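Novice: These are the residues of each chain, in order.
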Amino acid sequence: MVLSCTDVRKTFGSNVVLDGLSLDVGEHEVVALIGASGSGKSTLLRCVNLLAEIDDGVIRLDGEDITDPRVDPDAVRQKIGLVFQSYNLFPHMTVLDNITLAPVRVHRRAAQDARDQAREWLDRVGLADKAGSYPDKLSGGQQQRVAIVRALVNNPRLLLLDEVTSALDPELVGEVLTMIRDLKGEGMTMVLATHEMGFARQVADRVAFLDKGRVLEQGPPEQVLGDPVEARTRQFLARIIEAGRL
Amino acid sequence: MTSPFHEPSLIQQDRITFRRRKAVRSVLLAALSTAIVGTLLGVLITGAPGWDRVRQSFLDPDIAVDWLPEILQGLWLNLRMLVFCALAALALGLLIAVLRTLRGPVFFPVRALATLYTYSFRGLPLIIVIYLMAFGIPGLRLQGTPSVTVLGGAAIVITYGAYLAEVFRAGIESVHPSQIAAARSLGLSYRQSMRFVVLPQAVRRVAPPLLNDTVALQKDVGLISLAGPIDAIRAAQIGVAQTANFTPYVVAGVLFVLLALPLIGITDWVTLRAARRQAGGE
Chain A
5 MVLSCTDVRK TFGSNVVLDG LSLDVGEHEV VALIGASGSG KSTLLRCVNL
55 LAEIDDGVIR LDGEDITDPR VDPDAVRQKI GLVFQSYNLF PHMTVLDNIT
105 LAPVRVHRRA AQDARDQARE WLDRVGLADK AGSYPDKLSG GQQQRVAIVR
155 ALVNNPRLLL LDEVTSALDP ELVGEVLTMI RDLKGEGMTM VLATHEMGFA
205 RQVADRVAFL DKGRVLEQGP PEQVLGDPVE ARTRQFLARI IEAGRL
Chain B
49 MTSPFHEPSL IQQDRITFRR RKAVRSVLLA ALSTAIVGTL LGVLITGAPG
99 WDRVRQSFLD PDIAVDWLPE ILQGLWLNLR MLVFCALAAL ALGLLIAVLR
149 TLRGPVFFPV RALATLYTYS FRGLPLIIVI YLMAFGIPGL RLQGTPSVTV
199 LGGAAIVITY GAYLAEVFRA GIESVHPSQI AAARSLGLSY RQSMRFVVLP
249 QAVRRVAPPL LNDTVALQKD VGLISLAGPI DAIRAAQIGV AQTANFTPYV
299 VAGVLFVLLA LPLIGITDWV TLRAARRQAG GE
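The listed protein sequences correspond, in order, to chains A and B. Each residue of the first sequence is one higher than the one before, starting from 5 at the first, in the working numbering. Each residue of the second sequence is one higher than the one before, starting from 49 at the first, in the working numbering.
Bound conformation, chain A alone (with noise of 0.2 Å):
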């Protein structure tokens, strides 16, 4: 397992965010989470990056116990990208600098080595004009595109993506979902949480249907989007139909 989740809790004050929630995501395996808002799925993911303590619980990471209070964060953040809803680029750097930071001054690469691999990819992901360009100058799909890459170039054991597309415009979600389908065509093991069921079903290879901060259920897409077996499954899936989102 590259990722393994048992019985976690989070609390925000009296509001209990995941209550015992258990997840494991195997090597080179995409897992959907899907859920309404509220049910822990954000929160999930941050906690898996350590940007959030857990309450109880184990979080492992290739088997280590990462929620450990003795191990170092920034050494597990190091092994794990996360992209986020609102692409978080940082708006005084240029394209390539976002891109370089993390692994010039976190993983000690030359600048040049480190500034070559990221025009590769600006260029794979068809960016590659825009290097020099700041993070205002571009579309939201260019923005969380590069976020993306952003992630990509620390080489993660494990991608975390937070709604990736919801705060785009209809039209500019298919490049930033292009993206993740060629991503696990290269076998990066993932976990994204989302509210396009349409791509949960394409790409992932396991849905997880969050409730009340547990893992309802899960399974095969067209299993849990098809034929969910539980009550709450087949509510929040027609709340979807209804709102024309399937």
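For the record, the hints were derived by calculation from the structure and aren't laboratory data. The model shown is predicted, which means the values in this text are computed figures rather than measured ones. From the three backbone atoms N, C-alpha and C, an ideal C-beta is built for every residue, glycine too. Among the clues, some could well be false.
Claimed, not checked - Pair ranges (Cβ atoms, derived):
id, chain 1, residue 1, chain 2, residue 2, range
1, B, Arg170, A, Glu124, 48 to 58 Å
2, A, Gly202, B, Thr319, 42 to 52 Å
3, A, Gly202, B, Asp316, 51 to 61 Å
4, B, Thr193, A, Ser137, 29 to 39 Å
5, A, Gly189, B, Ser237, 32 to 42 Å
6, A, Ala247, B, Phe155, 47 to 57 Å
7, A, Val233, B, Ala323, 37 to 47 Å
8, A, Phe16, B, Ser168, 34 to 44 Å
9, A, Ser41, B, Lys70, 46 to 56 Å
Claimed, not checked - Here are a few chain A residues that face chain B, going by a calculated C-beta distance under 8 Å:
id, residue
10, Leu86
11, Ser90
12, Asn92
13, Phe94
14, Val110
15, Asn158
16, Leu220
17, Gln222
Here the structure of chain A is known, so what remains is to put chain B in place on it, guided by the hints.
Specialist: Chain B in isolation, oriented as in the chain A frame:
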């Protein structure tokens, strides 16, 4: 996009004519009101019963020319002090602001001291700090006590450092937490996140207020004359005492304004640029 060669419609032509006429009228009105206010002020001041005496004792051209070299020499000290104090106060302010953001129990004393410092020195009048530093510290009769000029400069740095620290802190807090989350998620340490992600954005955002405080510092540098060194104000004071005429003060005042103009200009330019960038231009 429409073609650049667009013939305005009749309605639009009418609007353009109207706006042009309005603009011309505004310019004429502004010129007229300026002329009226200027004349009134001139008449009021020069027509005042004491005007001749005021002109003699404040605006005597011969005395101005006589004392200009001395005051300029004093101003050279102000200028050097300004550069040193501004740079030192900016560095101190940034340091204190960063210390105040440190988390964790180990840093509690550091945080507490930094907070105490910004609270007390923003309340203390600069004049009192200058007196305490310039006269109190030599009173200790320690070996190697620096000159009063240095001590006076240190008083200015300590006082302004407290103000600038708060400006820097406001800038640091204005950077959205998601920026730190993004930096940390890439594996950057807290220090690296501050240095490469938070501080560059914070400093850019607070550049206008920082520069504005530097303009204020510039004229307060003249207060070290209270401790004894002969700066522009002290030189003017000596001139006033010797000639029994206030013209040297006016000369010093004009020189201070001239000294401030470039910095004020830069401040306005930076502010304008920041506002434009915020509006999405550039």
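Novice: Give a verdict on every hint.
Specialist: Hints versus structure:
{"no.": "1", "hint": "Arg170(B) - Glu124(A): 48 to 58 Å", "in the structure": "holds (52 Å)"}
{"no.": "2", "hint": "Gly202(A) - Thr319(B): 42 to 52 Å", "in the structure": "holds (48 Å)"}
{"no.": "3", "hint": "Gly202(A) - Asp316(B): 51 to 61 Å", "in the structure": "holds (53 Å)"}
{"no.": "4", "hint": "Thr193(B) - Ser137(A): 29 to 39 Å", "in the structure": "violated (56 Å)"}
{"no.": "5", "hint": "Gly189(A) - Ser237(B): 32 to 42 Å", "in the structure": "holds (34 Å)"}
{"no.": "6", "hint": "Ala247(A) - Phe155(B): 47 to 57 Å", "in the structure": "holds (48 Å)"}
{"no.": "7", "hint": "Val233(A) - Ala323(B): 37 to 47 Å", "in the structure": "violated (57 Å)"}
{"no.": "8", "hint": "Phe16(A) - Ser168(B): 34 to 44 Å", "in the structure": "holds (37 Å)"}
{"no.": "9", "hint": "Ser41(A) - Lys70(B): 46 to 56 Å", "in the structure": "holds (52 Å)"}
{"no.": "10", "hint": "Leu86", "in the structure": "holds (4 Å)"}
{"no.": "11", "hint": "Ser90", "in the structure": "holds (7 Å)"}
{"no.": "12", "hint": "Asn92", "in the structure": "holds (4 Å)"}
{"no.": "13", "hint": "Phe94", "in the structure": "holds (6 Å)"}
{"no.": "14", "hint": "Val110", "in the structure": "holds (4 Å)"}
{"no.": "15", "hint": "Asn158", "in the structure": "holds (7 Å)"}
{"no.": "16", "hint": "Leu220", "in the structure": "violated (28 Å)"}
{"no.": "17", "hint": "Gln222", "in the structure": "violated (25 Å)"}
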